[in-house]
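Chains S and X, in that order, give the protein sequences.
Per our numbering, the very first residue in the first sequence carries number 1; after that it's consecutive.
Per our numbering, the very first residue in the second sequence carries number 582; after that it's consecutive.
Please keep in mind that the hints were generated in silico from the structure rather than gathered at the bench.
Since the structure is predicted, the reported quantities are computational estimates derived from the model, not experimental observations.
Do not take every clue at face value.
[What the hints assert, rightly or not] According to the in silico footprint, chain X covers these stretches of chain S (three or more CB under 8 Å from chain X): (1) 78-85; (2) 327-339; (3) 398-405; (4) 432-438; (5) 469-478; (6) 500-507; (7) 540-551.
[Unchecked claim] Only part of the chain X face toward chain S is listed, based on derived beta-carbon distances under 7 Å: (8) 582; (9) 618; (10) 628; (11) 686.
[To be verified] 25 Å max Cα-Cα, derived SDA-like pairs, lysine to any residue: (12) S:247 - X:672; (13) S:535 - X:707; (14) S:395 - S:477; (15) X:647 - S:336; (16) S:525 - X:691; (17) X:647 - S:324; (18) S:326 - X:612; (19) S:548 - X:747; (20) X:747 - X:596; (21) S:516 - S:446; (22) S:458 - S:247; (23) X:639 - S:395; (24) S:247 - X:612.
Beta carbons are placed, not taken as given, at the ideal position from N, Cα and C, and that holds for glycine.
Okay, here's what each chain looks like letter by letter:
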Amino acid sequence: MKQLMLGNAAAARGLWEAGVCVVSSYPGTPSTEITEEAAKYDEIYAEWAPNEKVAMETAFGASLAGKRSFCGMKHVGLNVAADPLFTCSYTGVNAGMVIAVADDAGMHSSQNEQDSRHYARSAKIPMLEPADSTEALAFAKKAYELSEQFDTPVFLKMCTRIAHSQSIVETGERVEAPVKPYQKNIAKYVMTPANAIKRHPIVEERTKKLAEFAETTDLNRIEDGADKSIGIITSSTSYQYVQEVCKGQFPVLKLGMIWPLPEQKIRDFAKSVQKLVIVEELDGFIETYVRELGLDCCGKEAFPLLGEFSQNLIAEKLEQPVHTGKALDEALPGRPPVMCPGCPHRGLFYTLAKNKCTVLGDIGCYTLGAAPPLSSIEMTLCMGASVSATHGFNKALGKESEGKTVAVIGDSTFMHSGMTGLANIAYNQSNSTVIIVDNSITGMTGHQQNPTTGYNIKGDPAGKIDLESLCKAMGIRRVRVVDPYDLAACDAAVKEELAAEEPSVIISRRPCALLKYVKHNAPLKVNTDKCIGCKSCMKIGCPAISIKEGKAHVDDTLCVGCGICTQLCPMDAFESTGKEA
Amino acid sequence: METKNIMIVGVGGQGSLLASKLLGKMLLEEGYDVKVSEVHGMSQRGGSVVTYVRYGDKVYSPIIDKGEADFIVSFELLEAARWMEYLKPGGQIVTSTQQIDPMPVVTGAAAYPEDLVAKMKASGAKVDALDCLALAKEAGSSKAVNLVLMGRLSHYFGMADEIWQKAIETSVPAKFLELNKKAFELGKNA
Numbered sequence: 001m002k003q004l005m006l007g008n009a010a011a012a013r014g015l016w017e018a019g020v021c022v023v024s025s026y027p028g029t030p031s032t033e034i035t036e037e038a039a040k041y042d043e044i045y046a047e048w049a050p051n052e053k054v055a056m057e058t059a060f061g062a063s064l065a066g067k068r069s070f071c072g073m074k075h076v077g078l079n080v081a082a083d084p085l086f087t088c089s090y091t092g093v094n095a096g097m098v099i100a101v102a103d104d105a106g107m108h109s110s111q112n113e114q115d116s117r118h119y120a121r122s123a124k125i126p127m128l129e130p131a132d133s134t135e136a137l138a139f140a141k142k143a144y145e146l147s148e149q150f151d152t153p154v155f156l157k158m159c160t161r162i163a164h165s166q167s168i169v170e171t172g173e174r175v176e177a178p179v180k181p182y183q184k185n186i187a188k189y190v191m192t193p194a195n196a197i198k199r200h201p202i203v204e205e206r207t208k209k210l211a212e213f214a215e216t217t218d219l220n221r222i223e224d225g226a227d228k229s230i231g232i233i234t235s236s237t238s239y240q241y242v243q244e245v246c247k248g249q250f251p252v253l254k255l256g257m258i259w260p261l262p263e264q265k266i267r268d269f270a271k272s273v274q275k276l277v278i279v280e281e282l283d284g285f286i287e288t289y290v291r292e293l294g295l296d297c298c299g300k301e302a303f304p305l306l307g308e309f310s311q312n313l314i315a316e317k318l319e320q321p322v323h324t325g326k327a328l329d330e331a332l333p334g335r336p337p338v339m340c341p342g343c344p345h346r347g348l349f350y351t352l353a354k355n356k357c358t359v360l361g362d363i364g365c366y367t368l369g370a371a372p373p374l375s376s377i378e379m380t381l382c383m384g385a386s387v388s389a390t391h392g393f394n395k396a397l398g399k400e401s402e403g404k405t406v407a408v409i410g411d412s413t414f415m416h417s418g419m420t421g422l423a424n425i426a427y428n429q430s431n432s433t434v435i436i437v438d439n440s441i442t443g444m445t446g447h448q449q450n451p452t453t454g455y456n457i458k459g460d461p462a463g464k465i466d467l468e469s470l471c472k473a474m475g476i477r478r479v480r481v482v483d484p485y486d487l488a489a490c491d492a493a494v495k496e497e498l499a500a501e502e503p504s505v506i507i508s509r510r511p512c513a514l515l516k517y518v519k520h521n522a523p524l525k526v527n528t529d530k531c532i533g534c535k536s537c538m539k540i541g542c543p544a545i546s547i548k549e550g551k552a553h554v555d556d557t558l559c560v561g562c563g564i565c566t567q568l569c570p571m572d573a574f575e576s577t578g579k580e581a
Numbered sequence: 582m583e584t585k586n587i588m589i590v591g592v593g594g595q596g597s598l599l600a601s602k603l604l605g606k607m608l609l610e611e612g613y614d615v616k617v618s619e620v621h622g623m624s625q626r627g628g629s630v631v632t633y634v635r636y637g638d639k640v641y642s643p644i645i646d647k648g649e650a651d652f653i654v655s656f657e658l659l660e661a662a663r664w665m666e667y668l669k670p671g672g673q674i675v676t677s678t679q680q681i682d683p684m685p686v687v688t689g690a691a692a693y694p695e696d697l698v699a700k701m702k703a704s705g706a707k708v709d710a711l712d713c714l715a716l717a718k719e720a721g722s723s724k725a726v727n728l729v730l731m732g733r734l735s736h737y738f739g740m741a742d743e744i745w746q747k748a749i750e751t752s753v754p755a756k757f758l759e760l761n762k763k764a765f766e767l768g769k770n771a
């Protein structure tokens, strides 16, 4: 049946059709929906793992046990999973194992725009790269064949525009993969130096065989063009932009297998055209390889290293007609993302800003605490860094920073890689204050469950890690819980824990306001007779509050009646509308 | 047929998903090649968001570039103005007149621009602006702005009414069907 399908959903469909049994992932935009969609198939066991390293090791274990397995992650998640990655390249697999990694050129929802293709080359693992939903489905299935044929994990490399665009797919049926009985094989699976040293040449030999496969597979195809003045090598979404512009005018070598690359196919293609042009987003990965072959080409000298491509950019570089439109002749105010109305993080960041704290932040919705007017967070690096960097900051500056520096990390991020940082604080005893903003969900990626929520990926009851007990068990004696809607309680907690002469954890706990089970209060309104236009309520950056004709105004379609503004108003001007929310 | 382009723009959280779902289903049903690109993740949190819908004999790029949109359908006035450069010469903007202050306006760092409809028209764009929020409320829910806009778009789109009706029936939950059909009619006839 023909249907419109999101690239990530098509990849998930491919997993199902390939007979995958075990899926373990950590959510990360733009990879999340592969696992969410996979979880909807009854034949697949799917889960959210605490982080990508755990997810990859879980998938590896399932493969070892003899069932086809999968793990998915965003580009930066692959950094977390890099440790098992490089060595499961040596062990190889038992049943097929596929690792999806989704890059985010243009950084729609990421802290960097690293190019994950380098991992394929450095870990010596083959990588397939689909260019639409049809290929996402087909390549996911193909990846399992390759994984078992060549005894290697296989990458399925997505990017934002493939992962998050819908195109037409024709679905097939599931074919159960026969279970490959687990057999004890110490030489293959125990990577001591003595064993690993024997596995490494096998890996190199495998890459050679895969390179031979790359020469003949239809994953790499030439789409001919009459005008041989240039020949374009491209893949993924860049391929789509190229054909959008060129419509078959020039020959195109469209690569679906991005590692290892087909040397002879590239040499032959180069001979068939006057000039080679490499069109690829982010780094010159293909270009580097082509140059290593001693072939001349045009790549990053023309096409940017930064950001996303588009058809107009390709048209400009290939000297084709560029579309232009007319912008309004005035600068328009931007619309950056903001904390939602009723966001539980708002009250906490207001408190931290008011106390002039140095706030080292982390990855999640709460990173928006760096945005005006709160402008509270001063550092965001990677998952978990708030906790460990606060420890380092305090070790460097001692008393000078201990009394005003805090780490802010979400519940899911704390489970992902904040715990080890807290272990360092507990063990090496820095007088650090860690605030866990516990909104009872993984928020930014679109509400995934995590080990602290008590529910699994299907929403069924699951194990629940108690944050207070956990922190105490790690040796933190001062652990307290506050409601971030209660500004006075927040203020007291922050002041007291910063003053304490020992490590402490504050759990700022209230569920995300967007969760379906969260009941909202009636929206507020402003009594304009009382409002003096002092703008005290504007300090919290609530999208529902604005100033109209010198007085505060509440947008009742946005307000959820959280009442933080009420606590800031010196005139008691906010009143309930009494309307049912 | 040359590829046609529809952009659906608005503020994260306004719910443009139903509009793109409806259009995608309808165009697929009509036998076109279709691509729909969405925004996920951080920018959804109250930021400026855009969905691209493209259809034709063969669609390559999943996105729409500057000067390419046949239609811009906007849930919010400032967003219509922001994305206007993506309209192709002779393209049509269909926008709700709803205004949502972005954070720089909330904090007082900038002002919400005035007379945007007139300014867009003065720049040469064809603009159809209507109070979709009021019409949605008239239909029974402020959440039906989606269908009011689709109704208005249908005015220009050159697709038979029964095709729209069928698309609505297959995209909307049964219990909200009448409400959404009413919203569509109110938009179409406004």
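Structure versus earlier hints - violations, ascending order
Those not satisfied are hints 1, 3, 4, 5, 6, 8, 13, 18, 19, 22, 23.
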